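A.B. asks: Those sequence lines, one after another, are chains A and B. Residue numbering for the first sequence is 1 to 561, as defined by my numbering. Residue numbering for the second sequence is 1001 to 1276, as defined by my numbering.
Just so you know, not all the hints are guaranteed correct.
[Stated by the list, open to error] When the alpha-carbon atoms are kept at most 25 Å apart in a straight line, the in silico DSS-like pairs for lysine-lysine are as follows:
no., chain 1, residue 1, chain 2, residue 2
1, B, K1269, B, K1025
2, B, K1187, A, K229
3, B, K1187, A, K150
[As the list claims (entries may be wrong)] For each label pair, taking beta carbons as the anchor points, the in silico distance ranges come out as:
no., chain 1, residue 1, chain 2, residue 2, range
4, B, E1234, A, G234, 42 to 48 Å
5, B, D1009, A, R432, 43 to 49 Å
6, B, L1103, A, S559, 29 to 35 Å
7, A, D505, B, K1126, 43 to 49 Å
8, B, M1001, A, P375, 29 to 35 Å
9, B, A1276, A, D454, 26 to 32 Å
10, A, E376, B, E1253, 28 to 34 Å
11, A, W447, B, A1276, 44 to 50 Å
12, A, T521, B, L1103, 26 to 32 Å
13, A, L440, B, A1276, 42 to 48 Å
14, B, A1247, A, R432, 45 to 51 Å
15, A, L440, B, T1012, 42 to 48 Å
16, B, A1247, A, S408, 56 to 62 Å
To be clear, the hints were calculated from the coordinates, so they are not data collected in a lab. Values in this document were obtained by computation on a predicted structure and should not be read as measured data. Glycine included, every Cβ here is placed at the ideal spot set by N, Cα and C.
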Amino acid sequence: MSEANINIVIGGGAGQGLATVGQLMSKAVIRAGYHLLVRQDYMSRIRGGHNTFSLRMGPDPVESPCEPINILVALNEETVALHRDELMDGGIIIADRKIDTGIANTLKVPYDELASKPLYYNVVALGVLGSTVCNDIGIIEELLAQTFAKKGSAIIEANLEVLRASYEWVKQQDFDFSCIAPPPEDAGSNLMMNGNEGIAMGALAAGCNFVTFYPMTPSTSVATTLINKGRRLGLKYEQVEDEIAAMNMALGASYAGARPIVTTSGGGFALMAEAVSLAGVSETPIVTVVVQRPGPATGMATRTEQGDLGFVLHAGHGEFPRAIFAPGTVEECFYLTHHAFGLAEQFQTPIFILSDQFLADSYRNVERFDVDSLPEIAGPLLKPEDSSYRRYELTDDGVSPRLVPGFSETLVRADSHEHAQSGVITEDPANRVCQNNKRLSKGNGLWEEVIGPDYYGEKGAEVVLMCWGSSLGACLEAADKVNGKSVGVLHFKQVYPLREEQFMDVLEQAGEVIAVEGNATAQFAKLVALETGFQVSGSVLRFDGRPLTPEYVLRGLESII
Amino acid sequence: MVSIEQYGDFETSWCPGCGNFSLLKGLKQALAGLDLAPHQVMVSSGIGQAAKAPHYMNCHMFNGLHGRSLPVAQGMKMANPEMTVLCESGDGCLYGEGGNHFLAAIRRNLDITLLAHNNQIYGLTKGQGSPTTTRGQVTKTQPDGVESDPFNPVAVAVAMKAGFVARAFSGEPDHLTEMIQAGIRHKGFALIDIMQPCVSFNKVNTFAWYKEHSYLIENHDTSDWHAALALADEFPERIPLGIFYEADKPLREDGDVLAVHEYAKDDLKAVLDSFA
């Protein structure tokens, strides 16, 4: 949060290699020992349009994306026109020398001299930016070599040549880069991961071995990461015909002993709602990842929003228990997903991870996860304890022993209808009440396991910002910048169920509680009111498809506190 | 040897005279005849009178949602390739609500057997036209006659070169049992479209009508795709019974039984290290 941290925005059209430059630069920045937070802004098209890849980086921890730009890397003229006004005092533009930026502080790059053909222009951009930000060319040389390893040494050498020429060219320029802090000396060995990758790795660490999905931005990379990283470990996967099949196939696999995950976004989840209910009544464990984007319907496919909380909370007909997690960081994506699998196995009911496009595509530096200390997740029984086994046995806590079919002569009968303890269809009213109570009583167990919100700041602060999911960083940073008032942040990473005693004192002791959410109707504040009766005094809401930034939160707070 | 008695005898909610009775008996006979014990068989079913069938026999069962029995069956098979997996439901369930899954399952070619109870009407919801109801047939919800062409599942499956495509009739029990056994023996996706009367709601395609129109296929080369298409096209004027088409196709690799599959910690750590 110090001024030492800078905001680099790389802008250009889709197809110009912008994401490649951004990702390689991100990795270089992390390997150099900096902290990093990426925001990706892209359009729903394959070529052209206007996209940005923003790296906020520096020697100090970075909490959120921000608006003012220190370095604008313009791969086309449109980028200059759209973002020139966001440059900070002393900010610089790096652009092709043919582009007239109208800004004196422009590093005019001779792309056509540094690269023999346009194919290499993104390597020029990487070289120029690398030379500017991270003096050590060795880091980027190694990255390029790793990236093109499969394409052979000739391709690697051609790219390295362009990289070196670009590095050298920058050093010969008489240009002021004093805004950039040197990398810290105690460079660690952090990982680079985005939210979707964090979820995928949390799933693998939990023993997830089956993924079904229908491709849908911005959720697809959860599945592709699982496939790319997990199939060598034995994970099975299927890109299915539709989301209906995704959820039903996962439930079939779960019944047969797999540990599945289903990945989608709001529109796809709409199709899954029928089978969410099936998971509820058949008591089949399933973890579902819903990566939000703005709706209704197709909405804005590549933008971000926190608009589906109400939907995920209520999806599925009938009554059955569930839990919903909303990670605020990549670390939380990893650990909460692992936890979600544990709950799904233990309580045999649908569990949800609610993320969003901003977090999904946001690369961060993360410390290596402590895999050894993760709790073991017990799977279902392979053999019944005795011959009287019944799938839906009535128990005190509502949890019946789950048996995998095929490992003994005992039959396992699961049903979407109301059923007797044996799994056989019945409409007996007394049985219905018993089975419904049994299912709902598993909610008590889920309630015992609720992870309470984190509170940042002093108790009894004049203002408490109440947020959930990916809005954490923007709130933390905004809270730090409010002048003249004490501001705390209450962040919920589990949004359902809620346990009043974990947070009501914070809300009651606060002068004012302001809901900060990425939706138009303060969905979480409404949920809190419904569950506790507590009413927030105001809200800062963003629903223009862009992530919350500290500047946006501060502007919103100006008029209400 | 497994006996048919091991599959049990249950009270049903079917109408007297329903084709489902001989269908269920044919299935039990087929499984016992293949020496498959109840605990070696997983059955997925949808919704409808036909989909209740697994409730009326001893087997592992997942009775899911309307139209969704095929995705569930495929999930089961992928999770545990060592089990015999069957999928059972009616024409409305499989070809109407589940039409997209039907096409995808043929393409995917997992080793499962689909038993389609086809009575050309919606029975459980009391007599509406189904995807296989003949054009022009008057029903409660189509008082001017069904105005859409019927779906021909056998022709579609043959057209898609499904590995095993057969038709049976509940009024030919021995042949029905034989077809189910052939379908289960086939390595890959097998469709057995089974004609059956709905005694309550289909007054056109009655037992007598099926008897009159159906015949057992003879002298047909099941590897001849064009001949199979021509046979499939005879419906509904004539109803050929038997195997239309059979072919060896690339099968999904079986892989591990997931319930007993665990990742090594070191492998997991290596995967995480790849993000450095």
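A.B. asks: Return holds or violated for the Cβ distance of T521 of chain A and L1103 of chain B against the range 26 to 32 Å.
C.D. replies: Once the Cβ atoms are compared, 40 Å apart, the range 26 to 32 Å for L1103 of chain B and T521 of chain A is violated.
A.B. asks: Is the hinted pair K1269 of chain B and K1025 of chain B satisfied, with a Cα-Cα distance of at most 25 Å?
C.D. replies: 53 Å, violated
A.B. asks: Please check whether L440 of chain A and A1276 of chain B have a Cβ separation lying inside 42 to 48 Å.
C.D. replies: Holds: the Cβ-Cβ distance is about 45 Å, inside 42 to 48 Å.
A.B. asks: Could you tell me whether the CB distance from A1247 of chain B to R432 of chain A stays inside 45 to 51 Å?
C.D. replies: Given a distance of about 48 Å, which is inside 45 to 51 Å, the answer is holds.
A.B. asks: Assuming the hint says 42 to 48 Å, is it satisfied by the Cβ distance from E1234 of chain B to G234 of chain A or not?
C.D. replies: 47 Å, holds
A.B. asks: Could one say that the CB atoms of W447 of chain A and A1276 of chain B fall in the range 44 to 50 Å?
C.D. replies: Because 39 Å falls outside the window, the suggested range is violated.
A.B. asks: Between the beta carbons of L440 of chain A and T1012 of chain B, is the distance compatible with 42 to 48 Å?
C.D. replies: 31 Å, violated
A.B. asks: Keeping to a limit of 25 Å between CA atoms, is the pair of K1187 of chain B and K229 of chain A held or broken?
C.D. replies: Given pair K1187 of chain B, K229 of chain A is violated - Cα atoms ~30 Å apart, limit 25 Å.
A.B. asks: Quick check: does the Cβ-Cβ distance between A1276 of chain B and D454 of chain A fall within 26 to 32 Å?
C.D. replies: Holds, since A1276 of chain B and D454 of chain A (Cβ atoms, about 28 Å apart) stay within the stated range.
A.B. asks: At the C-beta level, are A1247 of chain B and S408 of chain A separated by a distance inside 56 to 62 Å?
C.D. replies: Given range 56 to 62 Å: violated, Cβ gap about 36 Å.
A.B. asks: Given the hinted pair K1187 of chain B and K150 of chain A, is their Cα-Cα distance within 25 Å?
C.D. replies: 37 Å, violated
A.B. asks: With 28 to 34 Å as the target window, see if E376 of chain A and E1253 of chain B comply at their CB atoms.
C.D. replies: For E376 of chain A and E1253 of chain B the Cβ distance comes to about 29 Å; the hint holds.
Going through the hint list in order, the structure does not satisfy hints 1, 2, 3, 5, 6, 7, 8, 11, 12, 15 and 16.
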